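Listed in order, the protein sequences are those of chains A and B.
Numbering of the first sequence is given in numbering that gives the first Met the number 0, commencing with residue 0 and proceeding in unit increments.
Numbering of the second sequence is given in numbering that gives the first Met the number 0, commencing with residue 0 and proceeding in unit increments.
Hints were generated in silico from the structure; no laboratory data involved.
One should not assume that every hint holds.
[What the hints assert, rightly or not] What follows is a list of derived Cβ distance ranges for each label pair:
#: 1; chain 1: B; residue 1: Ser-382; chain 2: A; residue 2: Gly-30; range: 41 to 51 angstroms
#: 2; chain 1: B; residue 1: Leu-328; chain 2: A; residue 2: Thr-61; range: 48 to 58 angstroms
#: 3; chain 1: B; residue 1: Lys-91; chain 2: A; residue 2: Pro-5; range: 54 to 64 angstroms
#: 4; chain 1: B; residue 1: Asn-263; chain 2: A; residue 2: Asn-13; range: 36 to 46 angstroms
#: 5; chain 1: A; residue 1: Gly-30; chain 2: B; residue 2: Arg-336; range: 18 to 28 angstroms
In this text the structure is predicted, and so the values were computed from the model without any measurement.
Ideal Cβ positions, reconstructed from N, Cα and C, are used throughout, including at glycine.
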Amino acid sequence: MSKQQPVLFSIGWNACINCGACVAICPQEAGFVSPFDTIAVDRPCDIACLLCEAICPVDTITHVPVLQQVAQPALATALRRTRSAPPTHPGEL
Amino acid sequence: MPPTDYDLIIIGAGPAGSTTARFAAEAGLRVLLVDKRQELGAPIQCSGAISGHGLAAAGIDADPEFIHEAIYGFAIYDQEGERTVHDYRLLKPDEYGAAEGKKPLGYVVDRRRFDRYLMTQAERAGAGVWLKTEGLGYQPTDDGHCTVSLRRYNQDLRLTTRVLVGADGLQSQVGRWAGLQTHIKITELAGCLQFIVDGVETEGLLEIVTGHEWAPGGYAWVFPKGHGYAEIGLGVIATMTDKPAQWHLDKFIRQSFFRRRFANSRVLEVQGGGVPLAAPLRTQYADNLILVGDAARHVNPITGGGLHTAVAGGKIAADFLIGHLGDGLPLQDGALRAYQTLWLEELGEKMWKLYGIKTDIFHNMNIQQRDRQLYATMSDYFSPTSEFKKI
Ligand SMILES: Cc1cc2nc3c(=O)[nH]c(=O)nc-3n(C[C@H](O)[C@H](O)[C@H](O)COP(=O)(O)OP(=O)(O)OC[C@H]3O[C@@H](n4cnc5c(N)ncnc54)[C@H](O)[C@@H]3O)c2cc1C
Ligand code: SF4
Numbered sequence: 000m001s002k003q004q005p006v007l008f009s010i011g012w013n014a015c016i017n018c019g020a021c022v023a024i025c026p027q028e029a030g031f032v033s034p035f036d037t038i039a040v041d042r043p044c045d046i047a048c049l050l051c052e053a054i055c056p057v058d059t060i061t062h063v064p065v066l067q068q069v070a071q072p073a074l075a076t077a078l079r080r081t082r083s084a085p086p087t088h089p090g091e092l
Numbered sequence: 000m001p002p003t004d005y006d007l008i009i010i011g012a013g014p015a016g017s018t019t020a021r022f023a024a025e026a027g028l029r030v031l032l033v034d035k036r037q038e039l040g041a042p043i044q045c046s047g048a049i050s051g052h053g054l055a056a057a058g059i060d061a062d063p064e065f066i067h068e069a070i071y072g073f074a075i076y077d078q079e080g081e082r083t084v085h086d087y088r089l090l091k092p093d094e095y096g097a098a099e100g101k102k103p104l105g106y107v108v109d110r111r112r113f114d115r116y117l118m119t120q121a122e123r124a125g126a127g128v129w130l131k132t133e134g135l136g137y138q139p140t141d142d143g144h145c146t147v148s149l150r151r152y153n154q155d156l157r158l159t160t161r162v163l164v165g166a167d168g169l170q171s172q173v174g175r176w177a178g179l180q181t182h183i184k185i186t187e188l189a190g191c192l193q194f195i196v197d198g199v200e201t202e203g204l205l206e207i208v209t210g211h212e213w214a215p216g217g218y219a220w221v222f223p224k225g226h227g228y229a230e231i232g233l234g235v236i237a238t239m240t241d242k243p244a245q246w247h248l249d250k251f252i253r254q255s256f257f258r259r260r261f262a263n264s265r266v267l268e269v270q271g272g273g274v275p276l277a278a279p280l281r282t283q284y285a286d287n288l289i290l291v292g293d294a295a296r297h298v299n300p301i302t303g304g305g306l307h308t309a310v311a312g313g314k315i316a317a318d319f320l321i322g323h324l325g326d327g328l329p330l331q332d333g334a335l336r337a338y339q340t341l342w343l344e345e346l347g348e349k350m351w352k353l354y355g356i357k358t359d360i361f362h363n364m365n366i367q368q369r370d371r372q373l374y375a376t377m378s379d380y381f382s383p384t385s386e387f388k389k390i
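Pulled out of the complex, with its shape left as it was, chain A reads as follows:
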């Protein structure tokens, strides 16, 4: 597993079949999910193993790198682009 800089995932919803395979392979803790049975797309992933991209049966996950300190504006722009997906919740009470 590579130790990379955080990434923000983007899902091509047109091809996505909402199968959840990306979530099953994901080593993140509970809650790194979208309301459409996919991995989260509204916040960066700090593990960046990219296994979700490898498992997707229709190859519809991509990512952009997020520079945590330097590029906050880029994150903001990227987040704005994905805002249409409602926020997800952590698995804690």
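Let chain A serve as the given structure and place chain B with the ligands on it in line with the hints.
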């Protein structure tokens, strides 16, 4: 002890959750079964093949409501199209067949109807069933119970229960709430895609096509789907190919020895998903919590079949909980390990054995040898003399 809202809250009304709910409710436990979907089983992520004895063992009638087509045997192909056929209509003609007094070996079910049917059985047995209800988290409490937070039509709820059952399928979060390691290794999750098609003839057999050329790390299949339809699909392991399942399925349809058979196929539905060709979870319980079905990776690691194991596991979970809760035994500090022990005895040991066989095959780096091994293993697995007939 103060009373709880429920004895069991079950997250996920797939085959595993609904079966657990039905048996538990029949025995008088107070059961709430929730699912976040609006229509169970949809979108379909399953080919729907299940054996007749798998249904019978979990007390499920083969109801026409959910059956697409009856199955009478298997055909296993090698990469070039040589095949081994186990047609039980010929092998055991007195027992298996379409005629009166004979029975099918298994069925291809419609998961939308199947899941709804099982949920209905649970409800009729007395379980509360809530759709559009998502499980969000849980917390064991000092009084030995736990609270579960749910969201139902945007309304946040907090209920108390004695045990939470995670039956939330492949993408399970419930185990992660308790800090269990549930993510699957990339070498052990097959990315699958299938098309429901018109214009492809079938013969009442489940057809399984092995060979690295068509499905690296997995296999391809052609299943009868009723009304003259068929299902063509495959699963691949991402570390054995740099292409997605979709690319391999396209290649299988256009280039395999079946290309003429598939030439007039027309796609009616696109389905897919992940299939864990993995070992069951090593820890399937936590305080006030057990996992069942895909959530616990109760999937046959050779065939990828998880329906039989989901309903069988659901029954085991219910039997265990009926006894354990009935006796008022503790639910925290490792007390639910007894569930896992029971599951291993009744089902799990065999699955671990299958996992060993599967691992041996895929550890062989010589592709030709591996293909031969997989073909031989699959051919043997589905034969009437297989020691694994009952999974
Ligand atoms: C392409 C493909 C083909 C397959 N073909 C076969 C086959 O032919 N034969 C076979 O035996 N098996 C097959 N399988 C495997 C089989 O589909 C699964 O093993 C089976 O569905 C497992 O049942 P389950 O009840 O554990 O989980 P699921 O059927 O996945 O049910 C889980 C349920 O939980 C709900 N849920 C999830 N999270 C939450 C939450 N937080 N709150 C509320 N509800 C939630 C979901 O909406 C879902 O209804 C196939 C799988 C795939 C991907
Ligand atoms: S693996 Fe791909 S198709 Fe499946 S839910 Fe994730 S993004 Fe969608």
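### Query
Is it true that the C-beta distance of A/Gly-30 to B/Arg-336 lies inside 18 to 28 angstroms, as the hint says?
holds (26 angstroms)
### Message
Verify the CB-CB distance for B/Ser-382 and A/Gly-30 against the hinted window 41 to 51 angstroms.
### Response
holds (45 angstroms)
### Task
Mind checking the hinted window 36 to 46 angstroms against the Cβ distance between B/Asn-263 and A/Asn-13?
The hint (36 to 46 angstroms, Cβ to Cβ) is violated, given that B/Asn-263 and A/Asn-13 are roughly 27 angstroms apart.
### Task
Evaluate the given range 54 to 64 angstroms for the C-beta pair formed by B/Lys-91 and A/Pro-5.
For A/Pro-5 against B/Lys-91, whose Cβ atoms are near 59 angstroms apart, the range 54 to 64 angstroms holds.
#### Entry: Outcome of range test on Cβ distance (B/Leu-328, A/Thr-61; 48 to 58 angstroms)
Between B/Leu-328 and A/Thr-61, where Cβ atoms are some 50 angstroms apart, the hint holds.
In this structure, only the earlier hint numbered 4 is contradicted, and the remaining ones agree with it.
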